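Q: Okay, here's what each chain looks like letter by letter:
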Amino acid sequence: MLDYIKGYLSSDVTPGQAGNIFWAFVYIMLVFVGLSVAVICMNWLERKILAHMQVRLGPMRVGPHGLLQPIADALKLLLKEDIMPAEADKLVFWTAPFMVVITAFTVFIVVPFGPTHAVTDMNIGILFMLGVSSLGVLGIVMAGWASNSHYPLIGALRSSAQMVSYEIAMGLAVIAAVLMTSLHGTGIYGTGTATDGTGTLSMIGIVQAQLAQETWFIFKFFPLGLIAFFIFAVAMVAETNRAPFDLPEAESELTAGFHTEYSGFRWSLFFLAEYSAMIAVSSIAVTLWLGGWLRPFPNYLSGDGWDGFFSIFPGFTFFILAAIALVGTRRMPKHPYFKIQTIGLGAFAGALALIGVILLIPPVRDRIQDIYWFSAKVAAFMYMYIWYRGTFPRYRFDQLMKVGWKVLLPMGIAVLVATAIVGVF
Amino acid sequence: MVASLKRQFGSGVSEASTYLGQSYMVVDRSLVPEILQVLRDQEQFDYCVDITAIHRPDHAKQFEVVWILYSFPRNERIRVKTAIADGEAVPSSVPIWPAANWLEREVFDMFGIHFDGHPDLKRILLPEGWKGHPLRKDYGIIQQDSEWVQINLGIESGQ
Amino acid sequence: MTEPSTYISHLELGEKDETYLDSNELIINMGPQHPATHGVLRVILKLDGEKVLGTECVIGYLHRGVEKIAEHRTYTMFNPYVDRMDYVAAVSNGLGYCEAVEKLMNIEAPPRAKYIRVILTELNRIASHQLWLGTHALDIGAITPLFYTFRDREEILKIFEKYCGARLTTHAFRIGGCQYETYDGFEKDVKKFLDFFRPKIDEYEELLTTNRIWLERTKGVGRISDKDCIALGVTGPVLRASGVRWDIRKAQPYSGYQNFDFEIPIGTNGDTYDRYLVRMAEMRQSVRICEQAVAGSPEGPIMAKVPKVIKPPVGEIYHSIEAPKGELGYFIVSDGSTQPYRLRVRPPSFVNLQALDLMVRGALVADVIAVIGTLDIVLGEVDR
Amino acid sequence: MEPVATTFFFYFLSAVAIVGGIFVILRKNPVHSALALIMTLLALAGLYLMLYAPFVAGVQIILYAGGIMVLFLFVIMLVNLERNQKEEQFNKQWIAGLLAALALGGLFVFVYVKGNVLFPAQVFKVPEGENTQQIAVVLYRDYMFAFEIASLLLLVAIIGAVVMAKKRI
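Protein chains in written order, with the working numbering: chain X, 11 to 435; chain W, 69 to 227; chain B, 474 to 857; chain C, 9 to 177.
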């Protein structure tokens, strides 16, 4: 048994491919816990960042700078009464949030946090991700219909139309990226070393292709990669029902859209699903266009020196966070009432610094690299999400459809054809 | 202008003058639609500012309905008033000014004055089914339709 | 003026639209508890999918019987009640009421009182438009402008508080003038605010005016022609956005507005975007008026000679002012006693709300929200 | 990767598919039927996976469960549900239906009995890693003409649907 567990450590494939159920389970748990923590962090960050964009402070009461606010929220949601409308379709109403959450979490099976840091690597990885995340809309439609109320129903209708429309543009952009894994191009676009010309749908394969071709796909066949990335970046916001495409839950129009009738724990599942879906689509974007787990310039700035330089980044990031928290303790009011909060913030800074130190231990440092760069890129997307929400008004339904069908779809087809042409000739 | 109207309608315009710089005319109820039409079409009073009523229980004709009109081209206001008895109806001016729709509904709601030819004369501020018209002088200030309150709100009193 | 092109018919709920797909017409209750109906407005929407086939407004949830209360209060006692109608622009309400009673009694407020009134009223107009802008943008989905406008509105409310002790329902004016002389540094505060506020309008505009989504959401939405506006009695910025250069401050000046140099901004298309631009321009004009009023305010008494007991002679008066929302009129009938025999308020929001049905027919649900926002209604005034 | 508990998964997925299929016809509420159909489709996708056809499984999920069924639900939610619920579920053609079902059942029994003769005992094992590539080669090289004809037919169908659905063009 111990050998079975140890045996995987020396392998260089994902636990799924190695057929090691124990490690696959460990990875699943890690991803699940990590994702939950990420969602909690996102909750706090979104409120804080949005607040600072809007000249206010955001949560300040629960814990220093509201750091414990997400936990308080989670507790509140769990303790809240779970209301089910009398005329609701009980079974469907009950299943819908689980459907949404399960699909949102399942896609992370194939997300490659590193060359071996994924639960498994599927031959149809990207197809699997798109397919399973497209099932999430079923949960939304079920929720909207089962509530037996008009606003959720309209929210569900909007959601289904929106998802189906944007999935097409999204798929075209993804195909363009998949094409790039096999095409190297000649002339001005000729880069990298040649392979056998077969592309791959595997998430890990796509990143490895970027490594082999010495370019992120966003820069490949400039500007085709950039346009495809742009299409995906727009479509993914629409897919996740976020501003400015948050029509299914537009609070000023449909009160809360498809989850109007949900409360307490079930509502929190929708919340969880929304954020993990955001992280999932961001992961796709990072994998397909931004080099996945690759650190910046792995081919040009290679060598031990550069490796060492980039490997201290994870620990360093945590040191910076710890320093910010420390400054925060200094700026806390001196009143005795804030003593506990100040100590708590100091302890938090200490914990962050400790994590930073742990991340600098050489074995950990080497293994954490890929995960760090991947997470950093995803975090950039998450920030963009919050930024959009603070900046943009909401699209109207017909305008949303217009953008999807009349702008993104033709653009996607054009990029696909152009990529194929440029790649072959 | 008032003089010409008076000539045109004769004794129908019983009083037309100016008080504190504001002109007004009192007309007979039967002439109301005609005069309002003329005011809009010939005298260019294209904007119906307000329609309201005054309850004078001590008069023979209890209610006084007031149209406040304004003319954009002339930058002038005029008030047209007519007295009616309780239960008497006034022709609706919705065909002349669509703005009159809600204003007439409010007058109906508050005074119980009917407007003939109004497309949808029903209560507007008070709930449908409410008994009584609160702006009548005989309606007390803390009076309420306690039956309605009990049935619809499930409480003894709304006070 | 030709025949008005619209005729508002009520909603026929039984009507059936012939379509190939046997789709259901949805009847949706928007409100009275709804985040975007600005209070307790209830709109019954008849929808075909997302398309609005018709609307019916149900109002009265905030009905407090202000007109009935007036008949049982003396003229002085009723003064604070008017603040509760359009609580966003309480100062304007008070101005209209005080001027109407003054006119009925044939007295006139002294020049200094008029200047103070103008300053406060214009500040209140700015505050009202700020609230409108914030909530309107929020309805359309831009959450950030709300906090910007509230931050700046706070400065106005602080001035109000310093002047009369109240922030929202100010009760700033009395019949015959003002109760309070300005506090020390009032002029300085107002000037400071105006200098602070001018770049802020640019900031708001930067957020929205050229924002593509904002343009798409507002341009051509809720269009209403000048003829329809006049036929429906719509006044205020909505009327001006349709291209009618009409403002009571210019047309029939009151409270000394003829002494000030300002322009009436108008729009051309009468759509939501033009109404937005008109209101933004109005804020700038209000700043201009305030500046002139602060610079030119005369010295002197702030209260006219008013008898201890206010007893207007028998008669009636209609007086209207340009409130932030449109024409706010008071029709007062006096029987010579200390209480009004009949007091009628002509609320701009109430009349403007009538245009909702015309403006949203054939539009989408999201447009209904935008149009309710752009009409700038305050339910306290609609229901009174 | 070596398959785990193949038999269990086969019977489990088959049972899910069959139960889903039965629910599709038994439920009066069309939304429930559609959801049951989705269950069946997902179970089928699982069966494809077990047959070493991950690409087909992925396409099954993305197209049928994620795309077409969402549109189904979209339409079902728009039409009048109350009327559908009142309608009689089993109409007069039940004799013909029974006959068809019996014929199909007979066929299944026949295949089951004679199955060993008709089909090879050992399923041809496609290398999982190249499934997508092989499908591409087959579709776009060997059966290019048939594929193009099929896509043309679908295009015609789309245009026809648009023409029929649109009141005026």
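Among these hints, one or two may not hold up.
Said to hold, decoys possible - Chain X side only, calculated, beta carbon under 7 Å to chain B, not exhaustive:
#: 1; residue: Lys16
#: 2; residue: His62
#: 3; residue: Gln64
#: 4; residue: Val65
#: 5; residue: Pro69
#: 6; residue: Gly73
#: 7; residue: Glu263
#: 8; residue: Phe402
#: 9; residue: Pro403
#: 10; residue: Arg404
#: 11; residue: Tyr405
#: 12; residue: Arg406
#: 13; residue: Phe407
#: 14; residue: Gln409
Worth flagging that the hints you see were computed from the coordinates, not collected in a lab. All values reported here derive from a predicted model rather than from experimental measurement. Using N, Cα and C, we set each Cβ at its ideal position, and we do this for glycine too.
Q: Hints first: check each against the structure and report whether it holds.
A: Hint check results:
For X:Lys16, the suggested interface contact is broken, since its CB lies about 53 Å from the closest CB of chain B, more than 7 Å. Violation of the interface hint for X:His62 is found here, the shortest Cβ-Cβ separation to chain B being roughly 11 Å, above the 7 Å cut-off. Nearest Cβ of chain B to the Cβ of X:Gln64: about 4 Å, under the 7 Å cut. The hint holds. Residue-level restraint check for X:Val65 holds (minimum Cβ-Cβ distance to chain B is 5 Å; threshold 7 Å).
Because the closest C-beta pair between X:Pro69 and chain B is about 15 Å apart, greater than 7 Å, the hint is violated. A distance limit of 7 Å between C-beta atoms decides the matter here; for X:Gly73 the minimum to chain B is near 23 Å, and the interface restraint is violated. Against a cut-off of 7 Å between C-beta atoms, the interface hint on X:Glu263 holds, since the closest Cβ of chain B lies about 5 Å away. Using the Cβ-Cβ criterion of 7 Å, the hint placing X:Phe402 at the interface with chain B is satisfied: the shortest such distance is roughly 5 Å.
At its closest, the beta carbon of X:Pro403 sits 4 Å from a beta carbon of chain B; the interface hint therefore holds under the 7 Å criterion. With its C-beta approaching chain B no nearer than about 3 Å, X:Arg404 sits inside the 7 Å limit, and its interface hint holds. Interface hint at X:Tyr405: satisfied, since its Cβ lies 6 Å from the closest Cβ of chain B, which is below the 7 Å cut-off. Residue-level restraint check for X:Arg406 holds (minimum Cβ-Cβ distance to chain B is 4 Å; threshold 7 Å).
The interface hint given for X:Phe407 holds, since its Cβ lies 5 Å from the closest Cβ of chain B, which is under the 7 Å cut-off. Look at X:Gln409: its Cβ gets to within about 5 Å of chain B, closer than 7 Å, so that hint holds up.
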